[in-house]
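Trainee: Heads up: the sequence lines are chains H and B, in that order.
Taking the working numbering, I'd label the letters of the first sequence as residues 1366 to 1493.
Taking the working numbering, I'd label the letters of the second sequence as residues 232 to 378.
None of these hints come from the bench; they were simulated from the model.
Each hint should be verified, as a subset may be incorrect.
Claimed, not checked - To spell it out: a stretch of chain B is covered by chain H in this simulated footprint if at least three of its residues, at any positions, have a beta carbon under 8 Å from a beta carbon of chain H; those stretches are:
(1) 285–297
(2) 320–330
(3) 338–344
Unchecked claim - Keeping only pairs whose Cα atoms sit at most 30 Å apart, straight-line, the calculated DSS-like set for lysine-lysine is:
(4) H:1398 <-> H:1422
(5) B:320 <-> H:1469
(6) H:1444 <-> B:267
(7) H:1469 <-> B:359
(8) H:1469 <-> H:1436
(9) H:1444 <-> B:373
(10) H:1454 <-> H:1429
(11) H:1444 <-> B:358
(12) B:320 <-> B:270
(13) B:320 <-> H:1454
(14) B:373 <-> B:270
Glycine included, C-beta positions come from ideal geometry on N, C-alpha and C.
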Amino acid sequence: MVRLLKLITKSSYICSIRTMSTELGPVASSITKKLKSSLATKHLDVINESYMHSVPKDSETHFKVVVVSDKFEGLPLIKRHRLVNDLLKEELQTGVHALSIVAKTPQQWDESDKVIENSPNCRGGFGK
Amino acid sequence: MMNTVLRRSVLSIYNTSKKLTFRSFADSATKENIDKLVKNNKVVVFMKGVPDAPRCGFSNAVVQIMRMHAVPYDSHDVLADENLRQGIKDYSSWPTIPQVFINGEFVGGCDIMLQMHQSGELVEELKKVGIKSALLTASEQKQNETK
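If we strip away everything but chain B, and leave its shape as in the complex, we get (with noise of 0.2 Å):
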């Protein structure tokens, strides 16, 4: 209760910068906490960076799979949050970054969805929880040309 009025009267006072708010908390990585942001979306996203500007390779390919699949996803930057960065790896138990969450779910890091992607797996994965993979879309169009 108090927490949600601390919330509410700080929230007022940055209302204008979303992320420094969120920031000004030092509890951002409690597990309520990533609980929250793992919930958020059907696919949520843990990287170095932010989709637009990758700064590491492994979260680089994540985005572009995520790109061609056409995802809608939410993404954290870890490195403009440390008890971020730290947390998410206590949270999951694995010890790199990126990690993708799917239905709050962690499936892996870049390795896997890499695997995933290539072994059509998360085309499958995809489409358990609603989303249609843009490259479903574009192979069915394909057939129905050649039809």
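Okay, chain H solo, but in the shape it has when bound (with noise of 0.2 Å):
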């Protein structure tokens, strides 16, 4: 019981953060500039997870994104990411180590609860 206390204010916290930070970065706004403007995103969320990994404040290396555009009806979830990662390179090459992808569907989001959960916890591997 106390674990799960301890979760949910913990997952507040984190959110607590998101919302605080409203400035996107120069990265971010490239990410969601991209997105929005070749996949026609009917909702989309560039979240930057980089502070729960170890780099330098205000780092953009770690990135979350939620996209939903009519571009990935009848597409398997494997060329939904290659899509993304495909729009994103230059990002990737230079700079982003992480991105996690959620793509769906405008039916598929509909439907969906909307919770987007984080990202799993760093284990020290980048950083070198």
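Bring the two chains, given one by one in their own frames, into a single complex with the hints.
Mentor: See the structure below:
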């Protein structure tokens, strides 16, 4: 029970950080721009998760994107992810080390609970 | 041919440390070598760290999924081999680690494995290559008990 409480406080803590950082960094805004224009996204979250990792403050190295687009219709998951990876090729080659992707069609998004889980905690592999 | 001879002699020199032998080859990440790696077992995982001590949360998530399904698999630590770290990304045209291969085919990274695990697709994919997921065994046992 205590553990559950801890978990709740932990996740709300993270959420509050998320909502606090409304200012997008240059990489985040470039990711946003590219996904928006190429995929005509119906919903888009670009979440900078770098603070969860052992990187300097305000880094833009670890991202999670939640992309809802009609263009995913009929595509298996792996192709949706490849589509997003390809669009963000430049970012991935120049400093973005982790990109977690949630790719849904508008219908799947409406049917989902719209709760995006946090990415797993860092285990120190990065930062060498 | 030359390669085999060379490898044999190196192997005999370093036969006490397999890892060293492997890493002494600068070409550990050629397409041919990765081909061999991904086909060496039904399930092959390229990750950061080793299953007992993953060094990245995403790699750890994949390890946990494999553990839940009790899948036997080969794992390769890309942090121990810079060539492999880049090589595997080029090989599968996938920019991030971890990467999971089933039957020599690239299946996905952490996100895809998680979703396949949640949707039950992973159990099916494993079945196709002759691996029975421990989760499936467990649910069958439960059914039998209730009968």
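Trainee: Hints first: check each against the structure and report whether it holds.
Mentor: Quick rundown of the hints versus the structure:
1. 285–297: holds (count 8)
2. 320–330: holds (count 4)
3. 338–344: Result for this restraint: holds, n = 6.
4. H:1398 <-> H:1422: holds, 23 Å
5. B:320 <-> H:1469: Answer holds: residue 320 of chain B to residue 1469 of chain H is near 24 Å, not above 30 Å.
6. H:1444 <-> B:267: Holds, at about 25 Å.
7. H:1469 <-> B:359: holds, 26 Å
8. H:1469 <-> H:1436: holds, 9 Å
9. H:1444 <-> B:373: With Cα atoms ~36 Å apart, residue 1444 of chain H and residue 373 of chain B exceed 30 Å; violated.
10. H:1454 <-> H:1429: Roughly 15 Å between the alpha carbons, so the hint for residue 1454 of chain H and residue 1429 of chain H holds.
11. H:1444 <-> B:358: holds, 23 Å
12. B:320 <-> B:270: Cα-Cα ~17 Å, so holds.
13. B:320 <-> H:1454: Holds. Residue 320 of chain B to residue 1454 of chain H sits at ~12 Å (cutoff 30 Å).
14. B:373 <-> B:270: Distance of about 34 Å is beyond 30 Å: violated.
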